[in-house]
Amino acid sequence: EADIYQTPRYLVIGTGKKITLECSQTMGHDKMYWYQQDPGMELHLIHYSYGVNSTEKGDLSSESTVSRIRTEHFPLTLESARPSHTSQYLCASTNGGRRIEQFFGPGTRLTVL
Amino acid sequence: QQQVKQSPQSLIVQKGGISIINCAYENTAFDYFPWYQQFPGKGPALLIAIRPDVSEKKEGRFTISFNKSAKQFSLHIMDSQPGDSATYFCAASAYGQNFVFGPGTRLSVLP
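Listed in order, the protein sequences are those of chains A and B. Residue 35 in this note's numbering sits at position 35 of the first sequence; the count goes up by one each step and never skips. Residue 1031 in this note's numbering sits at position 31 of the second sequence; the count goes up by one each step and never skips.
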């Protein structure tokens, strides 16, 4: 079981609300990622970070923002949620070494009404 | 250049059969090719991975076959079990950079 945690697991909110999805890992990994995934479908990279104070946008355009103030914490914020943001959000972190492994959290299933 | 193609989109196999999922890539800089398994309601988890210095890697019932000249790699699941029913993603990475994932294959193993 990977030591990467996401909260909340499920969230139902109304349009226009500001939300923050939390992600924490206890493995000391420098690289962290956020993916957007409709259940069982393709993974879309929306943000990544290679270390503290480093954040980049991914391949899929997203209206969300991220921050990386501490190594273990990589929250994602939506300033004004819309129904089009309804999806599953997966957080991940990557170790170094020859056997590179991207560890995924359990995901947050977001529904915007 | 960054895309990883994966087929089939879905696969149905009888218990005890062999499941085969194929992936192809274009970027010759890719040097690491993992396969991930995802069950409903869970995040993906690393299943097995290979580097291009070998043509095959086996871990239990799972085998990756790698063809560097064709830029293709495949996952073989021997003696498939109902518990193997999940979505499988191939991926590729260059020099430890961001993973590029395939679109996924939904495997159903019938009892």
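Worth flagging that the hints you see were computed from the coordinates, not collected in a lab. Each hint should be verified, as a subset may be incorrect.
[Said to hold, decoys possible] Across the chosen pairs, the derived CB separations fall in these ranges: (1) B:Lys1005 x A:Gly96: 25 to 35 Å; (2) B:Gln1097 x A:Asn53: 15 to 25 Å; (3) A:Arg99 x B:Ile1018: 36 to 46 Å; (4) B:Ala1045 x A:Asp30: 19 to 29 Å; (5) A:Gly51 x B:Gly1041: 47 to 57 Å; (6) A:Leu11 x B:Val1054: 37 to 47 Å; (7) B:Ile1020 x A:Gly16: 29 to 39 Å; (8) B:Val1054 x A:Thr86: 34 to 44 Å; (9) A:Val52 x B:Lys1015: 47 to 57 Å; (10) B:Lys1005 x A:Ser54: 22 to 32 Å; (11) A:Arg98 x B:Arg1061: 20 to 30 Å; (12) A:Ile13 x B:Val1054: 42 to 52 Å; (13) A:Lys57 x B:Ala1094: 15 to 25 Å.
[As the list claims (entries may be wrong)] Taking lysine-lysine pairs in the DSS-like style, the calculated list, with each CA pair at most 25 Å apart, reads: (14) B:Lys1058 x B:Lys1015; (15) B:Lys1015 x B:Lys1057; (16) A:Lys57 x A:Lys31; (17) A:Lys57 x A:Lys18; (18) A:Lys57 x B:Lys1005; (19) A:Lys31 x B:Lys1015.
[What the hints assert, rightly or not] Partial pick of chain A residues on the chain B-facing surface, computed with a CB cut under 10 Å: (20) Gly14; (21) Thr15; (22) Gly16; (23) Lys17; (24) Gly40; (25) Leu43; (26) Ser64; (27) Cys91; (28) Gly96; (29) Ile100.
The structure presented is a predicted model; accordingly, all values stated were derived computationally and were not measured. All C-beta atoms in this analysis are idealised placements derived from N, C-alpha and C, irrespective of residue type, glycine included.
Status of each hint after checking the structure:
1. Distance hint check: the CB atoms of lysine 1005 of chain B and glycine 96 of chain A are about 28 Å apart, consistent with the given range 25 to 35 Å.
2. Taking the beta carbon of each, glutamine 1097 of chain B and asparagine 53 of chain A are about 19 Å apart, inside 15 to 25 Å as hinted.
3. With their beta carbons about 26 Å apart, arginine 99 of chain A and isoleucine 1018 of chain B fall outside the hinted range of 36 to 46 Å.
4. Checked against the hint of 19 to 29 Å, the pair alanine 1045 of chain B and aspartate 30 of chain A passes, with Cβ atoms roughly 21 Å apart.
5. Between glycine 51 of chain A and glycine 1041 of chain B the Cβ separation comes to about 31 Å, which falls outside the hinted range of 47 to 57 Å.
6. Separated by about 44 Å at the C-beta atoms, leucine 11 of chain A and valine 1054 of chain B satisfy the suggested range of 37 to 47 Å.
7. Taking 29 to 39 Å as the suggested C-beta distance range, the pair isoleucine 1020 of chain B and glycine 16 of chain A does not conform, at roughly 47 Å.
8. In this structure the hint that valine 1054 of chain B and threonine 86 of chain A lie 34 to 44 Å apart at CB holds, the actual value being about 42 Å.
9. The hint said 47 to 57 Å for the Cβ distance between valine 52 of chain A and lysine 1015 of chain B, and at roughly 49 Å that hint holds.
10. The beta-carbon spacing between lysine 1005 of chain B and serine 54 of chain A, approximately 31 Å, falls within the hinted interval of 22 to 32 Å.
11. At roughly 23 Å, the beta carbons of arginine 98 of chain A and arginine 1061 of chain B sit within the given window of 20 to 30 Å.
12. Range check, isoleucine 13 of chain A to valine 1054 of chain B: Cβ separation about 48 Å, and the 42 to 52 Å hint holds.
13. Separation of lysine 57 of chain A from alanine 1094 of chain B is about 19 Å and conforms to the stated range, judged on CB atoms against 15 to 25 Å.
14. A threshold of 25 Å between alpha carbons decides the hint, and for lysine 1058 of chain B with lysine 1015 of chain B the separation of about 20 Å falls inside it, so the pair holds.
15. A C-alpha spacing of about 23 Å is found between lysine 1015 of chain B and lysine 1057 of chain B, which places the hinted pair at or below 25 Å, so the restraint holds.
16. Simply put, lysine 57 of chain A and lysine 31 of chain A have alpha-carbon atoms about 14 Å apart, close enough for the 25 Å limit, and the pair holds.
17. For the proposed pair lysine 57 of chain A and lysine 18 of chain A, the alpha carbon gap of about 20 Å is at most 25 Å, so the pair holds.
18. For the hint linking lysine 57 of chain A to lysine 1005 of chain B, the alpha-carbon distance of about 23 Å falls within 25 Å, and the restraint holds.
19. For the given pair, lysine 31 of chain A sits about 39 Å from lysine 1015 of chain B by alpha-carbon distance, which is inconsistent with the 25 Å threshold.
20. A cut of 10 Å between beta carbons decides the hint on glycine 14 of chain A: the least distance to chain B is about 24 Å, and the hint is violated.
21. Because the beta carbon of threonine 15 of chain A sits about 25 Å from the nearest beta carbon in chain B, more than 10 Å, this interface hint is broken.
22. The criterion of a C-beta within 10 Å of any C-beta in chain B is not met by glycine 16 of chain A, whose closest approach is roughly 28 Å, and the hint is violated.
23. About 24 Å separates the beta-carbon of lysine 17 of chain A from the nearest beta-carbon of chain B, more than 10 Å, and the hint is not met.
24. Interface restraint check for glycine 40 of chain A: the shortest CB-CB distance to chain B comes to about 5 Å, inside 10 Å, so the restraint holds.
25. Given the 10 Å rule on beta carbons, the hint for leucine 43 of chain A holds: about 5 Å separates it from the nearest Cβ of chain B.
26. Among the interface hints, the one on serine 64 of chain A is violated; its C-beta lies about 17 Å from the nearest C-beta in chain B, farther than the 10 Å criterion.
27. At about 8 Å, the closest approach between the beta carbon of cysteine 91 of chain A and any beta carbon in chain B falls short of 10 Å, and the interface hint on this residue holds.
28. Interface hint status for glycine 96 of chain A: upheld, as the beta-carbon distance to the closest one in chain B is roughly 7 Å, under 10 Å.
29. Proximity of isoleucine 100 of chain A to chain B holds as hinted, the smallest CB-CB distance being about 6 Å (cut-off 10 Å).
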